[in-house]
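**Student:** Listed here are the chains, written in short residue letters.
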Amino acid sequence: MVEFLQFTLSGIVFGMIYAAVALSLVLIWRGTRLLNYAQGGMAMFTTYVAIEVIHHTGSYWAGFAVALVAGVVLGAAFQLTVIRPTMNKPPLNAVIVTIGLLTLLEGVAGILYGGQYRSFPAAFSITGLKIGTTPLGVSRFDVFVAAAVLVTTLVLAAAFKYTTAGLRMRAAAFNTTIARLSGIRVARVLTVGWALAGLIGALAGVLVSPSTFLYPNSMDTIFVFGFTAAVIGGLDSPAGAVAGGLLLGVVLSYVAGYLGSKGSDLTSLVALGILVVVLMIRPGGLFSAARVRQV
Amino acid sequence: MQTLPRRLGVAVIVAVIVAFLSIKLDTFRDYQIAEIAVEVTAVAGLTLLTGLSGQISLGHGAFMAIGGYTAALLLMHLNWPFEVVLVLAAVVAAAAGAVVGAAAARLRGPYLAGATLMLGVALPSLAYAYPGLFGGDQGLNVAFTTPGFLGATFPLTRWQAWVSAAAALITLVLLANLHYSRIGRNWRAVRDDEVAAALDGVNVAAARILAFVVSAACAGLAGALLALVTELVAPGAFTITLSIALLTAAVIGGLGSLPGALWGSLVIVLVPTYVTDVATSHGLSSSVGSNIPVAAYGVVLILVMLVFPQGIQGGLRRLLALFTGPDQKTPKRSALPVAPPADQARASQHALLARGDEPESPPDPPEKEGTS
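Just so you know, the protein sequences line up as chains A and B, in that order. All residue numbers for the first sequence refer to the working numbering, where the first residue is 5 and numbers rise by one. All residue numbers for the second sequence refer to the working numbering, where the first residue is -13 and numbers rise by one.
Check before you lean on any hint, since a few could be wrong.
To be verified - Here are some of the chain A residues that sit facing chain B, going by a computed Cβ distance under 8 Å:
no. : residue
1   : Val99
2   : Gly104
3   : Gly111
4   : Val112
5   : Arg122
6   : Ala127
7   : Tyr262
8   : Asp269
9   : Leu276
10  : Val280
Simulated from the structure, these hints should not be mistaken for lab results. For glycine and all other residues, C-beta sits at the position ideal for the given N, C-alpha and C.
Sequences are here, hints too, so could you generate the full structure?
**Tutor:** Below is the structure:
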C-alpha cells in the first residue's frame, strides 16, 4: 500500500512534467496544426542556458528566470524566421523544418557543451518527504515541480479565458479566416503561441533535468512522452494535455516501479503501446466526443 | 522513363566502378564505400516512403535495428550463409513494417511522425531490457569472413564493400522498377489526393501499408549489412540520431528520387568524416568536430525545405534541362494554355518564358518525376 502511494505520487510529479511538454505542443498545434518536434530540443537548450547563468551568478532563480525568457525568445524567433515561410507549403515541409531545428539545437549544444552528462541543481531539497515514519517517495522539490506546472497551467487557462489576448488566441485557433476577418492579426497570434510554448517547454526542461541529467539528447524521451500525453488528451485541449500527462506519468511509474529494472527499460515501449492503442481506438484523444473520421 | 535493361546497364556500370575503386583505394575508403552502400539501401526505401507515398518516418533506425539484430542472431545461433541471412533480415523487418504500416495507414502526417519517432526512441531499449538475448549495452558480435575462393589475402573490408554495394544496387534496381510501376503510380496518387485515388479504384490503405513494408524491408537489409560491415550490433548504433540522419539524406538528395538517395548518402557519409578531420586538424576537440555536421544537418534540412525542396537531384535535373532544352523539365508554368505550336517555336517560347512571363505559351508537358 505504501509502495502504491509512492509510485502514484512520483508518477504524478513526472506526469506534471509530461503535461508541461504536452501543453507546449498543444499551444502550437491549436494555432497551426503543426507538431513542433523541436520542442524537446528547445527545452534542452534553454536548460543549458540556465546552467550557464547559475554557474556565473550562483543563483538558481536567476538561471530559472533566464531559461524561461530564453524559451520565449527561442519560440518566437523560430516561428518568425523558419516556420512562417512553411505555412503555405505542404505540411510535411514544416514537420521536416522542426526536425531540422531539433538537429541544429542538438548539434550546437554538442559543439558548445560537449556530450557529457551534466547534473542540474534542484531548487529545493530532494530528500524524500515523510508522514510520520512513512516515506512518500516524493521530495520538497517534487512538490515544487507539480505546483509550478499546475500554477502555470492555471494562469494560462485564466489568461485564455479572461484576457483580450487570450480571446484572440482562441479565435485564431477556432477559425483562422473568421479571426482574420474580425481584425485579429493571426500571424502575430501564432508567434505569441510559439513564444508561450517555448516558455512552458523551458519550464519543463528546468524541472525535469535534476532527475534526468542534461546532455544534448536528454529531452528526446521526455519529448515523446509529452507527445504521447498530448495525443491521449486529443492534441487540441490544454486540459486534456494535463490529464493525459498525469495518466501517462502514473501508468509509467507503476510499470517502472512494479517491474523493477526491466520495467524502467521498458517504459518507452509501454508508452509507445499506449500511444498506438489510443490512436487506433480513439484518434481524437481519450476525452473526445465521437467525431466523423476521415478514411 | 527508364526501362529495365537500361537500369540493369547502369547498375552493372556502377558495380564495375565500385569494384575498381575498392581495389584502387585503401582499407578505410573501402569501409566508406560499404558505409555509403548501407546508407543508400536504407535511404532509398525511406525516400520512396516519404517522397512517393507521402508518409514520413522518423523511426527508420528501428527497422535497421530489427534487420541488424535478426542477422546477428541468425549468424550467431544458426550459422546460416550470409545471403540467406540478409534476405531473412529484410523479411523480418518487412513484417515489422507491415505492423507499423497497418497502424500508420490510419494516422495522418504529424501523428505518424510522432508514432514512428517514438518507435525509434523505444525499440533500442529492448536490447537493454533483455541483455541475455540481445547482449545489452555491449551488443552482439557478428562473425563475417571472406569466402575461400577469393584467396586468403583478399582484404575483408573490400569483400564487405562488394557485398554491401551489390545489395544496394539490387535494391535500387528493384525499387526503380517499383517506382515506375502501377504500385509507384498508386503511391503517388494516394499522396496527392486520397479521395481521388480511392475513386479511381486504388486501395488507399493497402498502398500505404505496402509502402511501409517495402521501405522497412530496405531498412532491414541495410541494418543487416551494417551488422556485417561493422561486425557488431549494439543499441548505440540505432539511436534516433540515425533515423534523423536517414531522413536528412533523403531530403538532401531530393525526396522521392532514387538517384537522390545516392547523392544524399554520399553527403551524409563523406561530409562528417571530412569535417571531423578538418576540425581536429585545426585543434578543435573531437566533440566539437563530431557535432559540427549534426548542426549542419539541421541547417541543411531547414534550408532545403524552405528554399530548395527538390534537393540535389532536383538541382541536377534543372542543370540538365539547361543543356538539353526546356522539354526535359519546364521551369515555369503558364496559366494560359493555347494550342501547341511546332516544336521549334515551342522551344523558343520556353526560352522566353524562362526569362519573363510571356502571356501566350503552349501547355507544358507534365512534369517527369524522377527521370534521370
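**Student:** With reference to the structure, classify each hint as holding or not holding.
**Tutor:** Status of the hints after comparison with the structure:
1. Checking A/Val99 against chain B by beta carbon gives a least distance of about 5 Å; that is within 8 Å, so the hint holds.
2. Interface restraint check: A/Gly104 against chain B, minimum CB-CB distance 3 Å, threshold 8 Å, status holds.
3. Below 8 Å, beta-carbon pairs count as interface contacts, and A/Gly111 has one with chain B at about 3 Å; its hint therefore holds.
4. Look at A/Val112: its Cβ gets to within about 5 Å of chain B, closer than 8 Å, so that hint holds up.
5. Interface hint status for A/Arg122: violated, as the beta-carbon distance to the closest one in chain B is roughly 13 Å, over 8 Å.
6. Residue-level restraint check for A/Ala127 is violated (minimum Cβ-Cβ distance to chain B is 28 Å; threshold 8 Å).
7. Checking A/Tyr262 against chain B by beta carbon gives a least distance of about 15 Å; that is not within 8 Å, so the hint is violated.
8. For A/Asp269, the interface hint holds, since its Cβ comes within 8 Å of a Cβ in chain B; the closest pair sits about 4 Å apart.
9. Taking 8 Å as the C-beta cut-off, the interface hint given for A/Leu276 holds, the closest approach to chain B being about 4 Å.
10. Given hint, A/Val280 at the interface with chain B, holds; its Cβ is 5 Å from that chain's nearest Cβ, closer than 8 Å.
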